[in-house]
Amino acid sequence: MKELATIRFIGIRMSRDFITMILLLGVPIILITVFSIILGEVEGLSGTPIRDETVVLLVLGFQLFGGAITMNYVHQDLFAERKNRLLSLPMNTTLYGFSIMLAGIIYSILLGIILITYTTMVFDVNWGNFIWALLVITLMSSLSSIVCLVFTFSVKNFKIAERLSEVYGVGMILLAGLFFPMPDNALINMFNDYVNPLMLAYSSIDQVRSGGLSDGWLYAALLSVLILIAFGLLLLTGRRRMP
Amino acid sequence: MTIASIKGIVKRYKHQIALDYVDLDIHEGEILGLLGPNGAGKTTLIHCLMGIIPFDKGVIQLFGQEGAVFHHENKKKMGLVTQEITVFEELTAKENLEFFAGVYGLKGEEKKQRVKEALEFVGLSSKAKQTPNKFSGGMKRRLNIACALTHRPKLLIMDEPTVGIDPQSRNHILDAVRKLKEQGTTILYTTHYMEEVQSIATRVVIVDQGQVISEGTVDELINNIQHEEKILIDVNDATMIPIDRLKSLEGVKQVQVNGSVIQIISNAGAGNLDRALSIVKETSGVVGIQAEKPNLEDVFLTLTGKQLRDGEDDPS
Numbered sequence: 001m002k003e004l005a006t007i008r009f010i011g012i013r014m015s016r017d018f019i020t021m022i023l024l025l026g027v028p029i030i031l032i033t034v035f036s037i038i039l040g041e042v043e044g045l046s047g048t049p050i051r052d053e054t055v056v057l058l059v060l061g062f063q064l065f066g067g068a069i070t071m072n073y074v075h076q077d078l079f080a081e082r083k084n085r086l087l088s089l090p091m092n093t094t095l096y097g098f099s100i101m102l103a104g105i106i107y108s109i110l111l112g113i114i115l116i117t118y119t120t121m122v123f124d125v126n127w128g129n130f131i132w133a134l135l136v137i138t139l140m141s142s143l144s145s146i147v148c149l150v151f152t153f154s155v156k157n158f159k160i161a162e163r164l165s166e167v168y169g170v171g172m173i174l175l176a177g178l179f180f181p182m183p184d185n186a187l188i189n190m191f192n193d194y195v196n197p198l199m200l201a202y203s204s205i206d207q208v209r210s211g212g213l214s215d216g217w218l219y220a221a222l223l224s225v226l227i228l229i230a231f232g233l234l235l236l237t238g239r240r241r242m243p
Numbered sequence: 244m245t246i247a248s249i250k251g252i253v254k255r256y257k258h259q260i261a262l263d264y265v266d267l268d269i270h271e272g273e274i275l276g277l278l279g280p281n282g283a284g285k286t287t288l289i290h291c292l293m294g295i296i297p298f299d300k301g302v303i304q305l306f307g308q309e310g311a312v313f314h315h316e317n318k319k320k321m322g323l324v325t326q327e328i329t330v331f332e333e334l335t336a337k338e339n340l341e342f343f344a345g346v347y348g349l350k351g352e353e354k355k356q357r358v359k360e361a362l363e364f365v366g367l368s369s370k371a372k373q374t375p376n377k378f379s380g381g382m383k384r385r386l387n388i389a390c391a392l393t394h395r396p397k398l399l400i401m402d403e404p405t406v407g408i409d410p411q412s413r414n415h416i417l418d419a420v421r422k423l424k425e426q427g428t429t430i431l432y433t434t435h436y437m438e439e440v441q442s443i444a445t446r447v448v449i450v451d452q453g454q455v456i457s458e459g460t461v462d463e464l465i466n467n468i469q470h471e472e473k474i475l476i477d478v479n480d481a482t483m484i485p486i487d488r489l490k491s492l493e494g495v496k497q498v499q500v501n502g503s504v505i506q507i508i509s510n511a512g513a514g515n516l517d518r519a520l521s522i523v524k525e526t527s528g529v530v531g532i533q534a535e536k537p538n539l540e541d542v543f544l545t546l547t548g549k550q551l552r553d554g555e556d557d558p559s
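Going down the list, the protein sequences come from chains A and B. Position 115 of the first sequence, counted from 1, bears residue number 115 in the working numbering, the numbering being contiguous throughout. Position in the second sequence (first residue = 1) + 243 = the working numbering.
Source of the hints: derived by calculation from the structure; they are not laboratory data. Note that the coordinates shown come from a computational prediction; the quantities given were computed from them, not determined experimentally. Careful, some of the hints might be misleading.
To give an idea of the chain A side of the interface with chain B (calculated C-beta under 10 Å), a few residues [unchecked claim]: (1) K2; (2) T6; (3) F9; (4) I12; (5) M14; (6) E81; (7) K83; (8) R85; (9) N157; (10) P243.
Heads up, the beta-carbon is just placed ideally off N, CA and C, and yes, glycines get one too.
Okay, chain B solo, but in the shape it has when bound:
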């Protein structure tokens, strides 16, 4: 079942096009990874979906209703984890959650219980009475997430929730996202860290310059671009290797010797790893072997001609 359907959305900022006829469906129970570099239009798309900003053209259907992004009833079924930490620094963690739970219409014992559950979920129960200005960056991020969870949203939108945090907190957040999916929450997860998408997303949409350039599961996206594979064999004595025999293998496009390493470029799925290894072993000992497969970074590079996170620090 489709929870949100975006059709032909266009958003312009003066003369700049932020979203250029974007089509996107979000299915119930999935973690949809929205992948793209900074400035690709991810946050703008989320803001249109949440009814934060109006869009110039197109239709958004939410929970089966058309043009309902500004309806409070739909907003009650959604939660937004903002890219910036937007908790109230002067309120304790518990008070922060009580504020948001109250706005979502929770009251009395139910509110108390949900606040408790949300704090437990993000591992901040022991810090419930502390204000976030005493928290580490990772703890603040977790509280930022908890604020969007007290009302148990059907659709949770997470806008780069792991930016600038330590690996331990990052793993905690990714585990939490997996748990939410198990509980039936549909998640739209935006990031420019492909490792995160690769590890949690059930489906991936790649955006660049305001356009959806590809979508599918991680494997589908990789298979779409995988035309060749690279085999690297580190040998004791490369001079003895029968290069011509390797070149004659079916599907092999290129064989190169770099020092003690034999590099074989072959068609994807040609199954040349075993054959090449057998030939090499006849004349030399093998020290190491490596078969490189493309990852999402390569997919992105192939599709857009640029790196996914130029100038960004690796999160791990």
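So that you can see chain A by itself, here it is in the shape it has in the complex:
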């Protein structure tokens, strides 16, 4: 499985991609710091600090954009300048694409771990169970990478795929009501309760944090179903487009 051995090099490349690092790690750290200082110890109606809710949503929100690095590397290596060289090598390009996806997911999880550690140590944010938070972060990273790859394979113009991935990230944050409160509409509520990955991930962490382990599992299971559906779409679109 020499294709999987390339994960090491893809990981090194990602770790030296400083612009992506700034966008996926630097920006959230700045935002979290600013919001945490502003919100201080203010408590919400439920008695939990508003800061905890905001910070967890912010960290999970940035996970929605983690897939961008996966789609960029898949595009560069298999659809753009490096395509011919990699196709000339004695390796399975589908497995290589899978290695990029895996590396992207691991990279995103590592950034998530750094953010969880930072928020816990510096601002004492309550994430509940760390292992559970890690599981949810893993699900979010996987979903984001798979969805972004579906966009990459679905359209011929990569710029459009990039815009779609932004619409996915910003759209979910918007519908979750993070920019401004959403109207109390049945459709939007249903979407947030059962489909919006950001709300599913947040609800899962929140439930486990407040002792509702079974509900936490339920939301994680819904997130897993989304991953399975997206993976099915990935197989369909990938089979058509993979070189």
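Position chain B against the provided structure of chain A, taking the given hints into account.
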């Protein structure tokens, strides 16, 4: 022994024919220069040979096996130096080579040794720990070549490896190609710089508009088109030159006086240089002499009716 044999390859892109029944053999140990202008079909031919793109018709035999261009075992015996620089900018030179060596199945101490050798071969040992974004264009090109060498391919395909680099790096690359040939590597070298082909190729194939229009050694190709030669003699006083005597020489087709220069067009191989010089010396001092022979550029012009690199910069 034939390493690769291409028979009647046709490749179409929608309604455009990129390769039109191309036949080509690559023999073991040779440097085969594939010469043609931009858009002639050189890269398409290489991509078909490397199994990067499928072709519509024809047969490719690699290392004695028919229809084996997509087999990983054959790809392990081949190396491709792409026209574009396709190294990983975020990896160091050494890491780049380790990546490719690993994909070619090299492991452990052997991989380490081959990476070291490849870096030495292209003169980048001292830059092993630097990322290519700090390299000059020529250094990047050399790393691009090294990436195809770690597994010691039997057949190395180089697609315009010297495009856009300085003369020093270009010479370094051409020396490297000669060294590889000495080590027994068979090389398919494509370019639209005829000087490069003339200096390194043991055999040349000229392609244009998706067709092989001629092939042979450089001398053979030149002899095929060489029907006449041009002798230019610069003299002190052209008015005294006996033009009629020059015209009467066997094989001379035309004699012209342009200022102080006598231009004699003669059949190729007629051996008129000495005779013409003797006649001229009887009446005038000779300032300079020049006998022009055709080169590959002339061959290409004769065969296709167009310049080899219209609108291109000279690489030297």
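Evaluation of the provided hints:
no.	hint	in the structure
1	K2	holds, 6 Å
2	T6	holds, 7 Å
3	F9	holds, 5 Å
4	I12	holds, 6 Å
5	M14	holds, 8 Å
6	E81	holds, 6 Å
7	K83	holds, 8 Å
8	R85	holds, 4 Å
9	N157	violated, 19 Å
10	P243	holds, 8 Å
Violated hints amount to a single one, hint 9; each of the other numbered hints is respected by the structure.
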